[in-house]
Structure formats: C-alpha cells, structure tokens
Amino acid sequence: MGFLDTLLGKSKLPKPKPDKLFAMSTAYVTLSTNLSLAQAGAGICFKPLEASRFSRAEIELRELLQQSCKETNTQYSIKKDSYGYLWVILNDPEFEDLVTTLYMVSETLTDHDFGEQLLCAVFKFKDESVVYWIYNFKQAKYYPYVPKGEQRDSSYEFRLRSIMERELPIEKEAERWYPLKDIPI
Amino acid sequence: MKKWYSDLGLQARMLLTMFLLAVLYLFFLAVILTFRNAWTDILIIFMLVMLFLQFFFSDKMVLWSTGARLVTEQEEPRLHETVSRLCAIADLPKPKVAIVDSNVPNAFATGRSKGSAVVAVTTSLKQKLSQPELEAVLAHELSHVKNRDMLVITIASFLSTVAALLVRNMLFFGMGGGDRDRKGAGAAIIIFVVSIVVWIISFLLIRALSRYREFAADRGSAIITGRPSNLASALMKISGVMENVPTRDLREVEAMNAFFIIPAVSGESLMNLFSTHPSVEARIRALEEMEQRMEF
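If you read the sequences in order, they're chains A and B. Going by the working numbering, the first sequence runs without a break in its numbering and finishes at 185. Going by the working numbering, the second sequence runs without a break in its numbering and finishes at 296.
In isolation and in its complexed conformation, chain A is listed as follows (with noise of 0.2 Å):
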C-alpha cells in the first residue's frame, strides 16, 4: 500500500497469485516418497459476498466443477464452515487433478472478480498424524500445519519446512504460518 493510499485512508486488497499453486505437483513426489506422506483431498477456502453477482458466479462454479470432475473422476462437495466460509473439496486418486482442478475454481473466482476474497488452498496429507499444506494466495507462499490437539506440532512442521524448502516456495515468516480452525477436508 502506498503513502497516499496510508494517507487517505484507501483500502485495497491484493490480488490473489494462484501460479504457485502448481509447486505442489512436483513436491507431492517428494512429499510421497521421502515422507511417505499420503494425500487425502484437498480444498479451497473463500470468503462468499454478499452479492447477486456471488450467486451468479457460485453457480457456474457448481457446474465448471461438475463438468470437470466428471472428466477427471474427481469427487467435489461444497460446505461452509462455522466462521461462514465457503470450501470447495476435492478427491481424487490423482493428485495431479487435484491441484489443476483447484486452479481451475481460483481462476473461476478471480474471472468473476472474486479472487480478492480468496482466504487459502489446502492440501491434506496423512501419516501417523494429519499434515496440512497451506497455500496462501496474497503471498503465493505455502506453509505446514500439523494440529496436535488444540495445539500444533511446531517441530514436526519445522521439519517438513527445511524438507521441503527447495521445492517449494514456503513463507519465510512463521508468524504468517496462520492455524486453520475446522478445516472440513
């Protein structure tokens, strides 16, 4: 934001950058192989308007997805969270549609002039415990999220940061390594 946006009191929010979305497909192998970590689905998570317009775009989202999906066999729903955000949810066997298919939504969105509300993609892996990848569309960045109880596995996330640092493009600032409360995937 610039000093006369400070100055004059302007609120603008960024842009959402979705490209980095697909860093994910090539660190699933390693992800899959060097951590033996298992995909189970993934998501996107927005903030709905208060519009028509929103309702015009949520329905042809619904049917971009189910045209899609039926293609690539994808499995889709779409919930909304206690905070009143809305999830499009995937699964698939490939991860390779997961990741083109939650592009693809982004996209959708951000054509209908929607990509400002954009909160997060998530990724969810699975081992002993849940692992989740957290995209975060204003800083084009991903970071870890390992709940543990009401808590979060910070050293366990840790790790998989100096993993998977070169695959990915991770937020260097752990403060911006929001949790994510009642993530329905």
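Don't read these hints as lab results, they were simulated from the structure. Idealized CB from N, CA, C, for every residue including glycine. Some hints could be false.
What the hints assert, rightly or not - Label-pair distances were calculated between CB atoms; the ranges are:
id	chain 1	residue 1	chain 2	residue 2	range
1	B	Ser65	A	Ser154	31 to 39 Å
2	A	Arg159	B	Lys128	52 to 60 Å
3	B	Phe57	A	Tyr156	48 to 56 Å
4	B	Thr123	A	Glu60	39 to 47 Å
5	B	Leu33	A	Asp111	57 to 65 Å
6	B	Gln74	A	Tyr156	13 to 21 Å
7	B	Ser130	A	Gln67	50 to 58 Å
8	B	Ile45	A	Phe22	40 to 48 Å
9	A	Ser154	B	Leu151	30 to 38 Å
10	B	Thr154	A	Ala174	42 to 50 Å
11	B	Phe57	A	Thr72	51 to 59 Å
12	A	Ser77	B	Leu151	56 to 64 Å
13	A	Glu63	B	Leu204	50 to 58 Å
14	A	Asp111	B	Arg293	18 to 26 Å
Given chain A's structure and the hints, the job is docking chain B onto it.
Same frame as chain A, now just chain B:
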C-alpha cells in the same frame, strides 16, 4: 479495483482537512518562531519528548488505561481464528488480540505500526454480536491498523496540543520569564491570541479528520468482509445497547473515545462538529450505499 472500493468525495474531504491543518500549523509555527522566547522553546521540546514517548508507549498505555488483557490462542481460539483469517485476506501481519472486561460493547485498535498493533474487544461485544457482526467490527479495527490511524491522529494533534498548553499556561501563570518590558508583553499577547485561534480551529479539523477516518475504516471493513450489511447491523446493535448503559461506566472509558468503534458518550448531546465519530445513522447510510454499488 472495484468501483465501490473508493469514495472520492471522502478522500477529497480528508485531503482538504489535512491541507488546512498543515496550513494552520505552518502559520502557528511561523508565529511561534517569530515571537518565541525561552519559555515556548522549553514547552515545545517538552512536547516533542512527550510525543516520542507516546509514540513508543501508546499501545501499552492504552492497554493499561482500558484494563485490556492480551489473550492467547488457547484462551480465545475463535477470536484469534477470526482475526487471523481476516489478516490473511487483507495481507496484514496479525496483531495481538486483547479482551476488556466490560459491560459496554465496544472494540478498539492501537499501536504505532502494523507490527505492534493490538486489537481489543470487550466481553460484552463478544456476547452480543453474532459471528459475522463480530468479524465486521474486527475488520473495522484492522482497517484502522492498516490505515495507521493512530499515527495519523497523533501527528495531527501534536501542534494542537502545544497550542492548547500555551493557552492554558499563559492564562494561569502569565508568560513567565523575567522579560516584562513592553515588547515582551506584546509578543506574549500575540502568541496567546494566535494559540487560541489555532487551538479552536485545529480541534474542529482534527475531529473532522477523525470522523473521515471512521468512514474510511467502515469502508475497509466492508471491503475485507465483502459484506457491508454485517457492520451496519453490528453498529445498530452496539448503539442500541450503548444508550442504555449507565453513565458511570461510560465516564470511565471516555478518554479512549477516539479509538473506540462507537464513542461511549450516551445521547447525542454533543454536536456532530465536535464528535470524534460520525453518527451511526450516517455510517449505516454509507454502508447501505456501498451495498447497492456492489451489485453493479
């Protein structure tokens, strides 16, 4: 950028107010520098030190004076989660979160920079508002942080406070110093009169600026949440409750008015010109207008 994001009229008024303040302050400084003596110098140096201290300790001072208590993620998971999601959307570093034990439903933000900001809500606000309304109020406070309103108002008030102090001290103690000849007395009278004028005009301008910043933060909240109507209903709920709150409670929090989402002074006893916040009706009207423009 979407059309309803900006309000050119508001920005023009804000710019004009700041321009007028700058002109007024330049005039004031010119007068002070022309007629200054040891006493005004000391006062200004003293005020600069105060400003510096305020700049660095304001967040702690505000927390201390309002009795706000910082809460961890474990204590208030929902509140923290709501704030961090809003921060992720607005791309802001997450501020500290605090709670004030109070029957007055209110919220405020403080801190000199985005990194050291604190957002606080009262216990009553948390109880009375629904999740979307609470979110809208938090987004309003985050917009204050984003727009650095604390800093803007602190800087804008600096010379105004100097003028006010000059007037008060000269009234009670005279000009001070041994310089009692005619020239010194003339200079003292000029400084006194100019200070009064600067004090009054800057007071009104700062109040206007503060109201414009409120409108801007309302708009920021609508942009972050995408739902102007949530803030509107939160404002209605808060103001409805505010009127029924006993005045003793209100007086305790009155010093903090400029930072609250709705000032805790019951009744519309103050003229709008003098108040730090625009009327709730005007704010709701602006929010409704945003909502209509969103559709196109």
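Against the structure, the hints come out as follows:
Taken as a hint, the range 31 to 39 Å holds for the pair serine 65 of chain B and serine 154 of chain A, whose Cβ atoms sit roughly 35 Å apart. Under the hint 52 to 60 Å, the C-beta atoms of arginine 159 of chain A and lysine 128 of chain B, about 44 Å apart, miss the expected range. At about 39 Å, the CB distance of phenylalanine 57 of chain B to tyrosine 156 of chain A disagrees with the hint of 48 to 56 Å. A beta carbon spacing of about 43 Å between threonine 123 of chain B and glutamate 60 of chain A agrees with the range 39 to 47 Å that was offered as a hint.
The hinted window of 57 to 65 Å between leucine 33 of chain B and aspartate 111 of chain A holds, with their beta carbons roughly 59 Å apart. Our hint of 13 to 21 Å for glutamine 74 of chain B and tyrosine 156 of chain A holds, since their Cβ atoms are close to 19 Å apart. With their beta carbons about 36 Å apart, serine 130 of chain B and glutamine 67 of chain A fall outside the hinted range of 50 to 58 Å. Restraint check, isoleucine 45 of chain B to phenylalanine 22 of chain A: a C-beta distance of roughly 59 Å breaks the suggested window 40 to 48 Å.
In this structure the hint that serine 154 of chain A and leucine 151 of chain B lie 30 to 38 Å apart at CB holds, the actual value being about 33 Å. Between threonine 154 of chain B and alanine 174 of chain A the beta carbons are some 31 Å apart, a value that contradicts the proposed interval 42 to 50 Å. Between phenylalanine 57 of chain B and threonine 72 of chain A the beta carbons are some 58 Å apart, a value that agrees with the proposed interval 51 to 59 Å. Separated by about 46 Å at the C-beta atoms, serine 77 of chain A and leucine 151 of chain B break the suggested range of 56 to 64 Å.
Our hint of 50 to 58 Å for glutamate 63 of chain A and leucine 204 of chain B holds, since their Cβ atoms are close to 56 Å apart. Against the hinted window of 18 to 26 Å, the Cβ-Cβ separation of aspartate 111 of chain A and arginine 293 of chain B comes to about 20 Å, which satisfies the hint.
Checked against the numbered hints given earlier, the structure breaks hints 2, 3, 7, 8, 10, 12 and satisfies all the rest.
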